[in-house]
Amino acid sequence: MDKLALYMSYPFVRYAVIVGVLIALCSSLLGVTLVLKRFSFIGDGLSHVAFGAISIAAVLSLTNEMVLILPITIVSAILLLRTGQNTKIKGDAAIAMISVAALAFGYLIMNIFSTSSNLSGDVCSTLFGSTSILTLTKGEVALCAILSVIVIAIFVIFYNKIFAVTFDENFARATGVNAGAYNLMIAVVIAVIIVLAMNLVGSLLISALVIFPALSAMRLFKSFKSVTICSAVLSVICALAGILTSILAGTPVGSTIVAVDVAAFGICALVGMLKKG
Amino acid sequence: MSYIEVKNLSVGYDGVAVEKNINFTVGKGDYLCIVGENGSGKTTLMKTLLGLNDPLRGQIIFGEDLTKNEIGYLPQQTEVQKDFPASVQEIVLSGCLSACGLRPFYNKAEKALADENIRRMGIEDLKSRCYRELSGGQQQRVLLARALCATRKVLLLDEPVSGLDPKVTASLYELIKDLNKEGITIIMVSHDIEAAVKYASHILHIGDELFFGTKTDYLKSSAGKMFTDSKKEVN
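Sequence lines, in order, name chains Z and X. Start counting the first sequence at 1; every next residue gets the next number (the working numbering). Start counting the second sequence at 1001; every next residue gets the next number (the working numbering).
In isolation and in its complexed conformation, chain X is listed as follows (with noise of 0.2 Å):
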């Protein structure tokens, strides 16, 4: 059993299905890159694993004691919060809010997991520091320590280098490489191909054409040839 099933899945909004018939399944400890073009329903997609949306047709099963609410999720940065005054420790406590149910306040073993998780993003020295002055991959840090306090098992990334410059787009992904080495499954959308196939272990291509696999298989594939030819000719 693994994690999570998709069967038949079509997604989109307003009844109005942005991909359809969409197969795949993610495993314990997997790294799996959900790729496409833009406007190809990445995003639709991962809102609809999330719960934010309904799914149009097909099935979501989540199964080996993963439930719904136990996904952190690395949203791509909102208007909102641009501008927003709260300080770190704050916004990575945010997570916690799941686990606390109903208690309107937080207790102590919740502060010293987003004590534990700044620590393992490397921001404990911005602890205190506000959000909106930090720079753009300072900030992806902190909402990764915020879903990891949210979850122990599954990290749903969307689009986290976005924005970023080279250097710390490689750092996080190193980052996220080690997260997954420590046994937490990651889901990342991403148009970064070069990357999803230096890091991934599966890839879901979505667009025109849907393919579900691991990365070598997706490297022989059709939707993986695009990809490799489109490289040698810009080469």
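For reference, chain Z alone in the conformation it holds in the complex (with noise of 0.2 Å):
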């Protein structure tokens, strides 16, 4: 105990904390959607190509690889959810083929171009998160906690039609709902958060961000809202705890959350059969 307080007194373990707890929260808000969507995997997918947008960002020497990163995930975002709907190439595949073209010309660009002694090294840490959240600046955090607001307010006020267009997007659409534009949103604001949580888990370690606490409330709720309030809430708690053991055991950030989400499914999983059989 004494030893959290003695590092919850320096900001950066603070600042860390702080946006920590946000993008657990806004990944989590959209994770029921898209794993509805069977689209799980697209945090992983999208990740991938902020990891080749940074690689080419790093390549150019960009001091602020931000400009180049948010727009090219932004806009392959909006390509996949598309692609999505009445296309040949399905979502899965989608997915696939652009994750794993964009990590293999991401690490491609590095490799041939880079002037950093210690490749390897930069590749492990955007991949599986840098001690770059312990790093953050005043500026940052105000960045991340403004757009987290924002995210959140969108969903809220977005709601009902969120729900509509997962559940049923041809309804919704022969009633007059502009389902793309909502798809669109979507694309948006899940291309936002996974930029924002590349900070804090690294590309890999996303699509769990955005699946597990999803699939954990899934196993024990069954109506649409109180899945989505619990996906948050368990979100926040295991980005909590997983920040905390981090620092307390010098464990890995990232993985660590990783690791009590995984633990929470686990408890979930068992409780929902309970509750069941």
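Please keep in mind that the hints were generated in silico from the structure rather than gathered at the bench. As the structure is a computational prediction, the values presented were derived from the model and not from experiment. One or more hints might be untrue.
[To be verified] Simulated pairs of lysine to any residue, SDA-like, Cα-Cα distance not exceeding 20 Å: (1) Z:K225 x X:K1198; (2) X:K1111 x Z:V188; (3) Z:K276 x X:S1135; (4) Z:K276 x X:R1129; (5) Z:K37 x Z:R82; (6) Z:K275 x X:E1133; (7) Z:K275 x X:R1132; (8) X:K1082 x X:V1168; (9) Z:K37 x Z:G180; (10) X:K1082 x Z:A94; (11) Z:K222 x X:F1084; (12) X:K1082 x Z:S223; (13) X:K1127 x Z:F221; (14) Z:K37 x Z:A94; (15) X:K1198 x X:L1175; (16) Z:K225 x Z:R38; (17) Z:K222 x X:K1127; (18) Z:K37 x X:Q1076.
Take the two lone chains and join them into the complex the hints point to.
Rendered as structure tokens:
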């Protein structure tokens, strides 16, 4: 406890906790929709796209990487969610294609043009989450907080629309709801969340943040509203527990959060089974 | 003036026509069955009527104060819905969405409408149950209640009884018949020609042979004779 109190007295630790919790909250909100729309892997795919964008930014030695990463990721998200509906390459295949291609090209570009002496270290930290969550500046924390508030506001305001579009897109469109626009909105929001989350857990583990809380909540609850709320609460608790554990035990932040999420899923699945049987 | 008038319509995907030169009209209070073999373009025609697909050629004219978005739709079940965690009430309410426009939440009138339609379909006791735990027939009633929230005029039903057992099928047909008696116009896609002949007032047969007319005319037509003949053979 004393150790925890000591760590919490450092501002960078407090920042990490704030940002971690906010990202966990945002990613879990849309997680339910994505899992139900069979887009569980979009987090993974998009984060690889973001990885590719990062490597381009690194080669161009841009000082502000976000200028490049955010637009590229958003465009990919739009393309992916678009192709999900009526095209020849189905959602999962499209995600797999884009994700693998971006990963390969990202690494290729980094390898050919890199000026860094520690290439594999760079790649590893981008993929598995670096210590960058512990080096956040006040400005970055503020940016993250603002974006989170916007994401949460959009989600609350469009909650009923998101539900309708997720449950039955054709019905929504037939009754005059502009489903295309809402799909676009979901795509943009998820891209923003993923770029934010890369700081926290790295490319590879973002999917876990998106899908685990949703899947856990789906074991326990039966209405869309309760699943969404439960998934948000679970995600925040798991992120908090994960960050605190990683501080105390000195483990990597991203993997620790995911480990806690997996444990929570196990418990929820068990409780769900007991409830049923 | 009728509710819907279809003139020389061609429907299909990606510019390839599945069915050409479809002509028919739907008047207030009609019960139209669209029948035809698998792959004859029934579902495509329905999607075109709903505005989900663009017509390749021809016109769909909506008349008598019916606008395009005032059609309630009972779709075929999708893969996604089978394990969707949503309560019956949430799903029925989502039928009111287009009435909301940009307003983010449902108002009292819309909630009351949803409750009324839940009662109408006789599923009050399932109101807070989870959709995925219901039987096929119950699920269809839920989706029917949702469609009724979206319209007071026209219902489009896409193969409403597929996968249901005979008893549930019969009760669903009765329910649809009652709705039609209450003044709701029904357009139903089906390959159950027997039921179509029993319940519908008009029949549109698509496929190799096109036919549109009243039920009595259909039974006399060559398309209808094919059906009655095949029935005789079975017997």
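Do the hints match the structure? See the list:
no.: 1; hint: Z:K225 x X:K1198; in the structure: violated, 42 Å
no.: 2; hint: X:K1111 x Z:V188; in the structure: violated, 31 Å
no.: 3; hint: Z:K276 x X:S1135; in the structure: holds, 17 Å
no.: 4; hint: Z:K276 x X:R1129; in the structure: holds, 14 Å
no.: 5; hint: Z:K37 x Z:R82; in the structure: holds, 12 Å
no.: 6; hint: Z:K275 x X:E1133; in the structure: holds, 14 Å
no.: 7; hint: Z:K275 x X:R1132; in the structure: holds, 16 Å
no.: 8; hint: X:K1082 x X:V1168; in the structure: holds, 19 Å
no.: 9; hint: Z:K37 x Z:G180; in the structure: holds, 14 Å
no.: 10; hint: X:K1082 x Z:A94; in the structure: violated, 23 Å
no.: 11; hint: Z:K222 x X:F1084; in the structure: holds, 9 Å
no.: 12; hint: X:K1082 x Z:S223; in the structure: holds, 14 Å
no.: 13; hint: X:K1127 x Z:F221; in the structure: holds, 15 Å
no.: 14; hint: Z:K37 x Z:A94; in the structure: holds, 14 Å
no.: 15; hint: X:K1198 x X:L1175; in the structure: holds, 14 Å
no.: 16; hint: Z:K225 x Z:R38; in the structure: holds, 19 Å
no.: 17; hint: Z:K222 x X:K1127; in the structure: holds, 12 Å
no.: 18; hint: Z:K37 x X:Q1076; in the structure: holds, 17 Å
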